[in-house]
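Below are the chains, spelled out letter by letter.
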Amino acid sequence: MTQNGTLGFVMLCHTALHRAAETARHWAERGCPVVIHVDKRVQKWSYDTLHADLADLPNVRFSDRFACEWGTWGIVAATQAATEVMLADFPSVRHVYLSSGSCMPLRPVKELIAYLDERPRTDFIESVTTEEVGWTIGGLNMERFTLRFPFSWRTQRWLFDRYVKLQRAVNFQRTIPNGIVPHLGSQWWCLTRQTLSAILQGPERQTYDTYFRRVWIPDESYFQTLVRQVSSNVESRSLTLSKFDFQGKPHIFYDDHLQLLRRSDCFVARKIWPQANKLYSTFLSDDATAQAGGEPNPGKIDRLFSKAVERRVKGRAGLYMQSRFPNEHWENGRTSAPYSVFQGFSEVFEGFESWLGKVTGTRVHGHLFAPDRVEFAGGESVFNGAIPDNAKLRDYNPKSFLSNLIWATRGERQCFQFGPGDNQALNWFMSLDANAQISVISGAWALPLFKSNLNFSDIRREAARLQKIELEHLAVLRHSATKARVRIWTLAEFVENPMEPLQTIVDEISPRSLRRLTEAPRLTDLTGFGQFLQNLRNQGMQPVLMGDFPAGDDLRQAETRRGRPYLVK
Amino acid sequence: MTAVANRTGAIRGDSILLLSTLRNERIRLPYFLRYYRDLGVNHFLFVDNGSDDGSREYLQSQPDVSLWTTTASYKKSRFGMDWITSLQRRYCHGHWTLTVDVDEFLVYPFCETRPLRALTDWLDTSGIRSFSAMILDMYPKGQMDAQPYREGQDPFEIAQWFDSCNYSVQRNAGLGNLWLQGGPRARMFFPDDPEMAPALNKIPLVKWNRAYAYVSSTHMLLPRGLNLVFDEWGGEKASGCLLHAKFLDTFAAKAEEEMARGQHYANSTEYRAYRDGLKSQPDLWCKWSEKYINWRQLEILGLMSKGNWA
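Note that the protein sequences, when read in sequence, are chains X and L. Note that numbering that gives the first Met the number 0 has the first sequence beginning at 0, numbered continuously upward. Note that numbering that gives the first Met the number 0 has the second sequence beginning at 0, numbered continuously upward.
A few of these clues could be false.
[Claimed, not checked] Some chain L residues close to chain X (C-beta under 7 Å, calculated; not the full set):
1) Cys-164
2) Gly-306
3) Ala-309
[Unchecked claim] Distance ranges between label pairs, derived from CB positions:
4) Arg-36(L) with Asp-208(X): 44 to 54 Å
5) Gly-151(L) with Gln-258(X): 28 to 38 Å
6) Ile-292(L) with Leu-199(X): 55 to 65 Å
7) Arg-295(L) with Thr-174(X): 53 to 63 Å
8) Ile-292(L) with Asp-160(X): 55 to 65 Å
9) Ser-380(X) with Ile-299(L): 24 to 34 Å
10) Phe-155(L) with His-328(X): 54 to 64 Å
11) Lys-164(X) with Met-0(L): 29 to 39 Å
12) Arg-36(L) with Asp-47(X): 31 to 41 Å
[Unchecked claim] Computed list of lysine-lysine pairs in BS3-like fashion (alpha-carbon distance at most 25 Å, straight line):
13) Lys-482(X) with Lys-450(X)
14) Lys-75(L) with Lys-245(L)
15) Lys-206(L) with Lys-248(X)
16) Lys-253(L) with Lys-74(L)
17) Lys-398(X) with Lys-482(X)
18) Lys-467(X) with Lys-398(X)
19) Lys-286(L) with Lys-398(X)
20) Lys-245(L) with Lys-270(X)
21) Lys-286(L) with Lys-391(X)
22) Lys-109(X) with Lys-270(X)
It should be emphasised that the hints constitute simulated quantities derived from the structure, not laboratory data. Ideal Cβ placement from N, Cα and C applies to all residues, glycine included.
Build the full structure now, drawing on both the sequences and the hints.
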């Protein structure tokens, strides 16, 4: 047995006492006195077992037991009692380290002792003013100190909340004794004998105890506040690595965190899963040779846990699955990646799809929402993610279909054709999706009709139907709530000057290439289209979406375009 | 329902329990038991629905198994749920209880390095009572009977493939649960009847209370709050997958037998569709099928989530 040194541990225990015993033994055998507090709610036989387990160690004490319900004074009372035992029974102790039964040393204790020996007057305790904390539960910061909390937050939440509301309503305020400034911080500290004795033996202790007894979660504020009254050398951080998740519950360490914990260079970590056998056998042995041994560096662990919290709170945009199904407008992005929707382009240009794929290097589909089948690029019958081209499966849940497609092809931009002949179920969904780039040449759906070999009465009926659908779609796209990047041209407007719109769209899809388009796809032949529209009018159907096409006199470009690529300098 | 072997006296206060109904699944049992013992299930409660292939005798001889038997109608017992519910009420109160079929294998975040108890402890401290694990249909490449399944074998050595991203998700307003469909079964057997495709949402792991009850298979529960295993405000809750080893060489015979018995849901529509599909010797595999590696892969693909468990 080595002689008792300058560092002592106070351990607050309530579960997994066999693990607490191992840790206590580890410290005690290495010359660190240990005072153990066991929650009063722990059964007698467990307590007796722990007592017996450690009976052979002369530098282990047990302190008076208090019931430690979360958020209540019991934890502070237990800490005070155990610390008093430590100060009284072990005069060699200079620093007292407050830990829990589920804490574990990550570095040899002699390194911690050496670290503290270099800083003999320093109090390590996270202690920040209420304005500066961002991590409190229930949105209560300063009010912890000015309201009363007779109801349990965990088991009487309804009453707790009502009582807080009531006190706010009547403007109730407790007075803080002696004008002390409340500070908050992690419960796990390492304080010097001087500081602790000044707090515990100070003349005002009774006043402060009476006050803090009714503060909410006093274990995060009692020592954190009072240390400012008595110590001039506060290092505001905890030497214990302890991370909290978004519910304010501590993150738990498992065997698979071994390497991460090793590299953290922290002295003590909590909370360890009691059955993490590998962690216990590794860190409670002396083989854990000194690492680089510098300052604690929990950066990697911080990132791991903050990522976990982010995943829980924000999730992955555009993912709909068994444990993430956001209500509308809470998606953080309706789809996972940008995509482009083209309406009318493959009617206006010949070979538009292959041209677009070549120019932008993206995946260009036909009409994904065509009535008979999903027109995947290359005529595939099944696509990324094993999405089949079956229209019935698609139409059974179009939203899932589209979000799946975009999710399954992350990293490769998807473009597809759309039109009034397609399933319109997602018009609102896409219009409200900031990832959607929707470009419409209105009235272009008339071109296939113009070229078809149908009876004119059927053409007229179909034209009326498609026009009605497109009008409704355009109204959606022009709605003030629209988040998609929407561009709409009439057919006449577009064919007059097709290069500029194409350039804009292509630049947006692949902004890095930023080069002038040298080759446009070939415009389809429009000879006679003006007359076709006039015929529709003569038959009593009013085409309103194409813009102005003079009847009889065809647009000038239409003739010159044929047979020659459209060239721009 | 009569007890064949009641070893429930061995259940301790913190035991993790597994419940299952089966009929003629002898060949699957050794691997099934090994898989869940390795995860840390402490006691198994089986209902045998009139097996005549030695399943009963095999289970009866297992030290950590309690076994009941019945020859009553599977259909009339709400597809076995009445039997399961009565066992749950008697033996599962206060226990983490996993209710699965013998061809369902639970995969959850960190399952390679953390036993089931690590998960249930974490669920306890997080105040979570129910844990979602969607059915993930696994299938072989090529015809189903090309690679025969041997007793004791990991079925996913054969059925290695799955569909990664063709699942339909919608909300069931009545009970508040999600309704998932899709995958190879919808793709191959229900292309013309998508709404008839089997539900894939499951909530198999529950901290049981005698007031709880499964409503339809393990798809949803009462009270409704237990079905809220998903986040509605953009975040992700932790979830797993039930790897489904249904599509092995044993499947064709099973489909035939179950059709004949007519004991399954919706007049066995599902099995009828399978049988009709199977006549054309389908290959569920397609060029976009994903080969199974581990839970991390499923997490990255978005089929399950770690939530805030790290």
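Check: Honestly, which of those hints from before does the structure not fit?
Finding: Hints 8, 10, 11, 13 and 20 contradicted; others consistent.
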